[in-house]
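Q: Chains as they are written, first to last, in the UniProt record's numbering: chain Z, 1 to 212; chain B, 1 to 168.
To be clear, the hints were calculated from the coordinates, so they are not data collected in a lab.
Among the hints, erroneous ones may be present.
Listed next, the in silico SDA-like pairs over lysine to any residue satisfying Cα-Cα at most 20 Å (straight line) [unchecked claim]: (1) Lys45/B / Thr72/Z; (2) Lys45/B / Leu60/Z; (3) Lys52/B / Met110/Z.
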Amino acid sequence: MDRMDHTDHLDHGARMDHEDRGPGGGDRWDGSDAFERQLAQLMHRAQQPAPFEARHREALRAGVRARRRVRTARRAAGSVLAVAGLGLGLFLWPHGHTDGRPTAPHPRPMISPSPAPSTSPSQSPTESPSAPPSTTSPATTTNSSAPARTRTPSGPPTATAGTAHGATASYRPPSATATAPAAGGTTAAATAPVSEPAEPSGEPSSTIGATG
Amino acid sequence: MEQTRAGEYDAFVAARWSVLFHLARLLTGGDRHRAEDLLQESLVKLWFVWPKIADEAPEAYVRKVLARAAARSARRRWWGERPVEQLPEVAAAGDMSATVAERSRLEAALGQLTPQQRAAVVLRYYQDLPDRQVAETLGCPVGTARSHAARGVARLRRLLADVIEPVG
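The whole structure should be built from the sequences, with the hints applied where relevant.
A: This is the structure in structure tokens:
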């Protein structure tokens, strides 16, 4: 009852506030004409008494119960979905970890001047020293491709080490080439095909090309 | 606690049922069954928020739910309404009182409006709400609400020209 008094008071207050604005005084009645006023009266007049019957009360109760059931079911379904999603995520977690490994090789640097000679000398000493044609063929290509390098260590054979180091810095396979100058005398056996042409004094340039 | 809540809720519904049902009926263009469904749906929603808004303005909440649901449901479903040139429900001279005939004519004319126009007109002229509150209730800008109401009234002016006689 208190509530009803409160709402009635609110309604009455709103109406009074509206009437304070009055016809032509507020934004509701601004510019209103006779038709609009009669339309408002007609809408109020058209109201017919509609008592709140027992069937309405029962329907409301049933509606509240149904909505409560729907809410409960929705909440339960949400919980089940959340748990299922969590479980699925945990189940798929290790697979996702293994699949995430990179399978492709690392990209090689594209700035090397000639990758062909760098690969072939690395293969030739390791695979078989008895395959001089493979080393000689890149040697010839190196000569043609990088004449500037062959020109720099044009001095004594000791410059071979310097050129070898330079080659190690710029090219990938340092192992094969590094052993050549570091081993010194041993390279004679390891790089037999390489050292064979080294017998003439003018040939170290080709050796450098092979290592470089 | 639950008993108190239910008692207050029942008292509110019993006291405001008639007004709210008439509002729902105007909002649905006179469809009695749809108005009952709409009002019941709104009051069920009110039940679940009753503890929060019982001390504030429960009727304003129901009004907002009613108006928005009326506009939304009319957009979502087709209720078999067809716009016609002539109003189909013409009151016979002797079988209905003048008030009932007037009401039927009003509801039929309201049924010719779009749901948004009808809601704006009803809120403005039946609920006596200013434009700002109409817009707030419908959830649209003030200019839009004003436009809906103006177009609705313009159409009602044509439809109800013989019911509401021009004064002066």
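Q: Indicate, hint by hint, whether the structure satisfies it.
A: We went through each hint and held it up to the structure:
1. Restraint check for Lys45/B and Thr72/Z: the C-alpha separation of about 15 Å stays at or below 20 Å, so the hint holds.
2. Proximity of Lys45/B to Leu60/Z is assessed by CA-CA distance (about 10 Å); at most 20 Å being required, the pair is judged to hold.
3. A C-alpha spacing of about 70 Å is found between Lys52/B and Met110/Z, which places the hinted pair above 20 Å, so the restraint is violated.
The structure shown violates just one earlier hint, number 3.
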